[in-house]
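Novice: Using the sequences and the hints, build the whole thing.
Residue numbers (the numbering used here), protein chains in the order written: chain Y, 3 to 309; chain Z, 3 to 309.
The reader is advised that the hints may include incorrect statements.
It does not matter which identical chain is used: a pair holds within one copy or between any two.
[Stated by the list, open to error] Here are the simulated lysine-lysine pairs, DSBU-like style, with alpha carbons at most 30 Å apart:
hint, residue 1, residue 2
1, K145, K287
2, K90, K304
3, K8, K122
4, K122, K263
5, K180, K191
6, K222, K263
7, K31, K6
8, K90, K31
9, K207, K180
10, K6, K122
11, K122, K180
Since the hints were derived computationally from the structure, they do not count as laboratory data.
There are 2 protein chains.
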Amino acid sequence: MNNKEKLSQLYQEAVVNINGVITRAEDAKVSIFDRGFLYGDSIYEVTYSDDKSILFFDEHLDRLYHSASILNMHFFIDREMIIAETIKTLKHSGMGRAYIRIIVTRGETHITLDPNSTIKNNLIIICKPQPHFDDLIYQKGIKLSLIEITVNEIQGPDSHAKSGNYLNNVMAMNEAIKLGSDDAIMINKKGFITEGTTFNVWMVKDGILYTPPISSGILKGITREKVLDICGDHKIHLIKEPISPDHINQADEIFITSSTKGIMPVSHLDGRCLGNNIEDWPITKRITQLYREVVIKNKESKEYFYG
Amino acid sequence: MNNKEKLSQLYQEAVVNINGVITRAEDAKVSIFDRGFLYGDSIYEVTYSDDKSILFFDEHLDRLYHSASILNMHFFIDREMIIAETIKTLKHSGMGRAYIRIIVTRGETHITLDPNSTIKNNLIIICKPQPHFDDLIYQKGIKLSLIEITVNEIQGPDSHAKSGNYLNNVMAMNEAIKLGSDDAIMINKKGFITEGTTFNVWMVKDGILYTPPISSGILKGITREKVLDICGDHKIHLIKEPISPDHINQADEIFITSSTKGIMPVSHLDGRCLGNNIEDWPITKRITQLYREVVIKNKESKEYFYG
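Specialist: Set out below in structure tokens:
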């Protein structure tokens with residue numbers, strides 16, 4: 003499919019909720035005076051549902067409110083309302099398995115950077131079919147490149163807030179695609195690995211699992227947290243420390259984690275081949291299985307069931 | 003006026019052009035799938051008109067296309083069309099003196115960071131009454147604070163592209179307001195002065211004028227360029243070099259430049275008083291007068307006259 007067809011498919015399939023009103027995707031619009039549009043001044047979460055259960059929703063809501071607090075965002079919407087509106091949107095969509103994006107902006111401005119100039123947030127909930135990543139991707143892995151691009155760092159507001167200020171990530175992905183990769187791992191100013199454009203990064207060397215600590219300037223991924231729990235529960239040897247490009251270039255296995263991708267193996271880093279098949283990556287394979295069990299357990303709890 | 007009244011005044015007064023269609027400000031909306039809204043993936047320019055002439059429009063258009071090129075943004079809109087649409091919007095507004103904001107986004111996405119996933123840009127032109135800065139401000143000056151916040155730096159895509167990725171600037175302004183100032187000067191990771199949230203920064207010490215070079219990670223302001231020309235033409239002693247907080251803390255005069263603010267004196271930096279009146283700042287006063295002459299000349303050229 004070309005870009006036009008993909009967009010038109012999205013418009014056919016997605017259901018959008020804008021401040022409580024369910025809207026056709028094609029008609030889903032926001033004021034051009036919204037600070038999300040003018041300044042990237044918004045926060046968001048992405049999760050998904052499966053068998054009509056929203057996965058790890060509490061954790062995502064916690065992080066949403068945490069992001070708001072980091073950015074000093076007045077939050078006029080209560081948690082129960084976000085839950086109710088999300089469930090309403092999912093029910094309306096009829097989808098049992100959906101990608102869910104929740105965006106909260108600081109609201110409309112009379113064009114001043116002053117964040118205290120708004121009177122209400124805008125809440126946008128997008129539900130669309132969960133993107134289908136072919137089973138083959140999980141068997142064969144994806145290609146990544148290391149990109150030396152300024153990531154939003156620890157002194158800045160962004161590293162821990164999940165904001166809509168994503169231009170650096172857009173540019174990193176663009177560089178990686180130019181280099182023939184699928185996506186990018188970004189390097190911070192001190193020269194250490196941080197995170198991917200939309201995912202956290204893990205590597206295995208000599209049977210030990212490594213991932214960058216939060217202090218490297220990364221977002222506290224929900225799936226990352228789940229994998230940390232798995233390592234604790236199953237005595238998998240894990241070291242959280244700053245990872246250099248030299249170190250990751252000698253990795254035996256690399257995988258990435260995100261709410262939409264789950265655990266996804268990496269077949270190439272900057273052209274270097276790490277193997278051809280999930281069978282080549284035993285720790286990645288084991289964590290994939292253990293994570294699947296965590297997801298099933300969460301689903302079976304039916305905590306956020308909308309059936 | 004409170005925030006609600008200010009917003010409702012904006013909605014009454016502004017005229018918006020969205021992809022060639024003139025729209026009431028209240029109805030001016032963009033798709034929530036626009037990359038400007040989702041990722042801050044847009045570029046923009048702000049200029050103004052006076053006596054029905056658009057000021058320094060060529061320079062702004064040059065920079066707009068330069069920003070697009072830095073960000074690898076496919077630009078499907080030609081320059082003549084932007085000029086024609088801007089003039090159409092201004093004529094429709096009836097305003098002789100208007101604030102003009104031109105925004106170009108990479109367009110709508112089926113929700114992927116990949117910047118090659120779009121099929122057309124969105125072009126938004128906002129015209130509203132030029133914000134009135136009281137004459138008193140130009141006589142008495144404003145209060146600034148130095149804020150150590152991550153500015154988007156030279157390795158990143160942002161320092162020279164004028165993008166809509168402004169969350170760091172929003173947060174810097176927020177900090178400054180908390181400290182009792184009007185606005186912020188941002189410091190880069192090396193500890194040097196860069197720029198304000200929406201303006202370039204200048205200081206005078208012992209009769210010499212200083213401003214940070216582009217290599218400090220600043221945007222090439224159009225008004226900054228005009229002041230550089232003025233310094234050359236009038237033999238004003240100017241040094242472009244990285245400025246430390248220590249250096250600016252000993253300044254005799256500080257002023258800021260932007261298209262909307264022009265030359266604006268600074269009365270306080272982090273609480274330290276630099277004087278009470280434009281008469282205390284002879285170089286600021288002289289440059290204000292010389293800049294006014296440049297503006298009048300540009301206006302009289304009637305290059306972008308829409309009367």
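Novice: For each hint, tell me whether it holds in the structure or not.
Specialist: Hints versus structure:
no. : hint        : in the structure
1   : K145 / K287 : within (17 Å within a copy, 58 Å between copies)
2   : K90 / K304  : within (16 Å within a copy, 56 Å between copies)
3   : K8 / K122   : between (33 Å within a copy, 14 Å between copies)
4   : K122 / K263 : between (33 Å within a copy, 28 Å between copies)
5   : K180 / K191 : both (22 Å within a copy, 29 Å between copies)
6   : K222 / K263 : within (16 Å within a copy, 40 Å between copies)
7   : K31 / K6    : both (19 Å within a copy, 21 Å between copies)
8   : K90 / K31   : both (19 Å within a copy, 24 Å between copies)
9   : K207 / K180 : within (28 Å within a copy, 47 Å between copies)
10  : K6 / K122   : between (34 Å within a copy, 10 Å between copies)
11  : K122 / K180 : between (41 Å within a copy, 21 Å between copies)
In this structure, none of the earlier numbered hints is contradicted; all agree with it.
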